[in-house]
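Position 97 of the sequence shown, counting from 1, maps to 97 under our numbering, and the rest follow consecutively.
Rather than coming from a laboratory, the hints here were simulated on the basis of the structure.
Not one of these hints is a red herring.
Computed cross-link-like contacts, DSS-like style, restricted to lysine-lysine with a CA-CA straight-line distance of at most 27 Å:
#1 Lys128 <-> Lys115
#2 Lys112 <-> Lys128
#3 Lys108 <-> Lys147
#4 Lys128 <-> Lys108
Label pairs and their computed distance ranges (CB to CB):
#5 Gly146 <-> Asn24: 24 to 30 Å
#6 Pro17 <-> Asn53: 14 to 20 Å
#7 Asn151 <-> Ala52: 27 to 33 Å
#8 Asp119 <-> Ala18: 35 to 41 Å
#9 Gln37 <-> Ala183: 27 to 33 Å
#10 Asn92 <-> Gly127: 17 to 23 Å
#11 Asp119 <-> Gln34: 26 to 32 Å
#12 Pro16 <-> Ala153: 18 to 24 Å
#13 Ala123 <-> Asn92: 19 to 25 Å
#14 Ala153 <-> Ala18: 20 to 26 Å
#15 Gly36 <-> Asn110: 17 to 23 Å
#16 Asn87 <-> Ala28: 27 to 33 Å
#17 Pro17 <-> Lys115: 37 to 43 Å
#18 Gln96 <-> Glu184: 16 to 22 Å
Don't be surprised by glycine CBs; every beta carbon is placed ideally from N, CA and C.
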Amino acid sequence: MNRRFRNPAFQGVPLPPAQMQTLNRANALLANGQPGQAAPIFGGLAAELEAANHPRRAANVHAQAAHAYADAGQGPNALAQSRAALNLFIQNQMVQRTPVFYANITRKLNNKGMKAAADALAAEYGGKIGSVPAAAAVGAAPVHHGKLPTNCAKCGAPIHGDDLNWVDDQTVECDYCGSLIRAE
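Kindly produce the complete structure, drawing on both the sequences and the hints.
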C-alpha cells in the first residue's frame with residue numbers, strides 16, 4: 001500500500017495569509033540572491049510561529065534562517081538560528097530531521113569559512129544528536145538519490161542546486177514552502 005509522504009510540521013493546516021506572505025517575501029529575497037535580507041524575515045517568522053505554539057513549523061523556519069544567515073556570511077546569527085532550530089527539533093522528537101539539518105548546516109558553515117560556528121554546534125549538539133544518515137554524513141560516499149521534479153508541487157518553486165536540504169535518502173525539503181518532495 002502506498003502512503004503519501006507528508007510533512008508533519010504542517011499538520012495539514014496552511015499558514016495564515018499574513019504569515020504566508022511573509023514567507024513568500026523571504027523566499028523571493030533568497031531566490032534573488034539576497035540571503036542577508038531574507039534571514040531576519042525568516043527569523044522573525046520563526047519566532048512568531050513559536051509564540052503561536054507551532055514549534056515544528058518554527059523549527060523548520062529557524063533552519064531556513066540559519067541557512068540564509070550562513071549564506072550571507074553572518075556566522076553568529078547563523079549559529080543562533082541553528083541553535084533555535086536544533087533545540088526545537090530535539091524537543092519535538094524530529095528524529096529524522098535533526099541529524100540531517102545538523103549535518104547540512106555544519107557542512108555549510110565550514111564551507112563558508114565559519115569554522116568557529118560549526119565547532120560551537122559540534123561541541124553543543126554533537127553528543128545529543130543520533131547518527132547522521134549516510135546522505136548527510138560529512139565525508140561519506142555520495143548517495144544516489146532518485147530524480148527530483150523540477151518544481152515543488154505545492155508552491156511551484158524551482159527545485160535545484162547543490163545545497164538541497166535532504167530529509168532522508170529520497171526526500172528533499174522545498175526551500176520556499178518547506179514541503180517535502182519525494183524523488184522518483
